[in-house]
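Protein chains in written order, with our numbering: chain A, 1 to 271; chain B, 1 to 352.
Don't take each hint at face value.
Computed cross-link-like contacts, DSS-like style, restricted to lysine-lysine with a CA-CA straight-line distance of at most 27 angstroms [as the list claims (entries may be wrong)]:
1. K89/A with K237/B
2. K97/B with K158/B
3. K200/B with K89/A
4. K311/B with K222/A
Please keep in mind that the hints were generated in silico from the structure rather than gathered at the bench.
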Amino acid sequence: MKSKQLYIVTGKGGAGKTTLSLALSLILLRQGKKIKYHCFDQAQFPQISNQLQIPILDLAVEESMKIYVGRKLHSDTIASMVLKAPFFKSTFSMIPGLGQMILLGHIIDLLEKDPDLIIVLDSPSSGHAMTMLDSMQNFKNIFHSGILVKDINRMENFIYNQKKVEIIISSLPTNMAMNESLDLKNFFQEKGIKDISIVLNESLNHNDLMQKTYTDLPFFLKKKIENETEVLRLFNEHVTNVLPYIFKDSSEQIIINLAENISFLNEASGY
Amino acid sequence: MKHPDIKQIEIFCGTGGVGKTTLATSRALFLANLSKKVLIITIDPAKRLKEVLNIKDETGGEAQSVKGNIFGEKFQNATFDAILMSPYASLKRIEQKTKIKTDFNNTIIQTLVRPYGGMNEIMGMVDVHHFYNLNKYDVIILDTPPGKHFIDFLESAKKINNFFDKSFIEIFSYLGKSLKNSNKDKEIGIIKLLVTTGIKKLISYLEIVTGPEFVKNFTEAIHSLYLAQEAFTDALKLEEILQNEKKSNWFLVTSAQQHKGEEAEELHSLAVKLMHKDNFLLINKSLMPLLLDWDATNSNDLTIIKNSLIKREQSIRNCIQDQFESIFEFPEVLGISPQEHVAELAEVWKKD
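Produce the entire structure from the sequences given, and follow the hints as far as they go.
Laid out in structure tokens, this is it:
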């Protein structure tokens, strides 16, 4: 079975999106896939991905815009002139969604040109991830017709293709994080995206050492584990995979360890 | 340790998941309990405030009254207002405020102010200033979006300023639109001609990419925004207030349990440049006193757990605490409901 081409990892801030994205990249890399990690519209993390030998896709909004406009005007020089004009520059910076959409379009373009390529997208957190995906519909309304709308339709065909895209929501075993994850899942489902998994990170419950020593733990750690159990019980049906809290010092070790615990990929895509 | 004075604007910022919304609400509750008139605004499109305050209404944008009793009997006399920021509602307010009749009923504007249109940071700046000007509240508490988007919020004043740059008025003379101040252009100099022809060319390029209909809507949209220019540029004053230590408090929130040391450090060093002296580091979700009290010496496994949890809490402190004079620690609340968390954290503000 083939894997997806685009994995969009999002979720509440601090819920471990980057760690999860890198662990996912590592799994795909070890399966011999041609994979690239991309941190959407933010600074990349070359150091850690270097240590893990994960290839990075380094794209920035400004460059993507220049390439895109250049292609439409059949001239990079004119494109760069248009984008440098103070009026347009300041207009574009007032509407951040446009640049983000063009960047997403650029990523989809790369995937369409190379069907073997897989991109793991370390996306913005909940609210801003919704903005990223809603930008396609929004700019279709805005541009109404013309060559841009054709491009946006192509993007939408890709994003809403179950065979190509999967959304992974990184969450934590707390009420707040789980409610935010469900809001997100509903939003994406309403948009027509089918493959969405919620992955619960940092579960003390699923840590071997914690389980082994449970009866000897102090009251506050027992209470934390109890709370987690309650959250897991409440949201059980929505969670695809629970990942343990990991006692490791370095981020690489955590990522390597996580990669060993991820099972949702098998379920979702059936390797 | 310096206790924060109560200021007219109190801003909570930090990386994602550290508890900004919960802590900001605890501050609102604490101040409301002192009989202050408090407004809390969230400009994060994820809108967790809704959950913390038990607000059912999704649309947002208007001030809603929150009764303290949802946080327990102790707070039953407290009440404060809350707004889930909505770019659409902010635009409506601007429309009403603008003296010259302007029409925002334009596809582009209406689309961009939808809930996930991406305009939260910029409209947030305008909205906060609007409520500050009403003089209705003693304190306005700002719950900002996470990480990079917080910087977007701080930079929105600059973006607004660039957008309303005087030279852009030229575009309207070319397009035959008049603006209130441009009654009969006086200086038709060579520079103006150059600018005008430049714009003509740019517009023709834009038409190739977007089609003429968009260009028409686009210029109309910008024209309406320019007519309401004052309402936007007025918001630039908020930037001054945020840099005035008599008028604002900055609370940088971090979690003792977060991994993103580098990101927090980067954000904090950026924010430090923008902040004035009256800033506070709030370390949230701290288990440290409990961990230090815990005797785990009788088992190797327990020692590993203890040391590892202490190390995690220590690493974030090492990263950033040197940059702050005033540090407040908030305990991790061992309860499930967000209201329990707020109530317990509100107590911490009382301590000297």
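Looking back at the hints listed earlier, which ones does the structure fail to meet?
none
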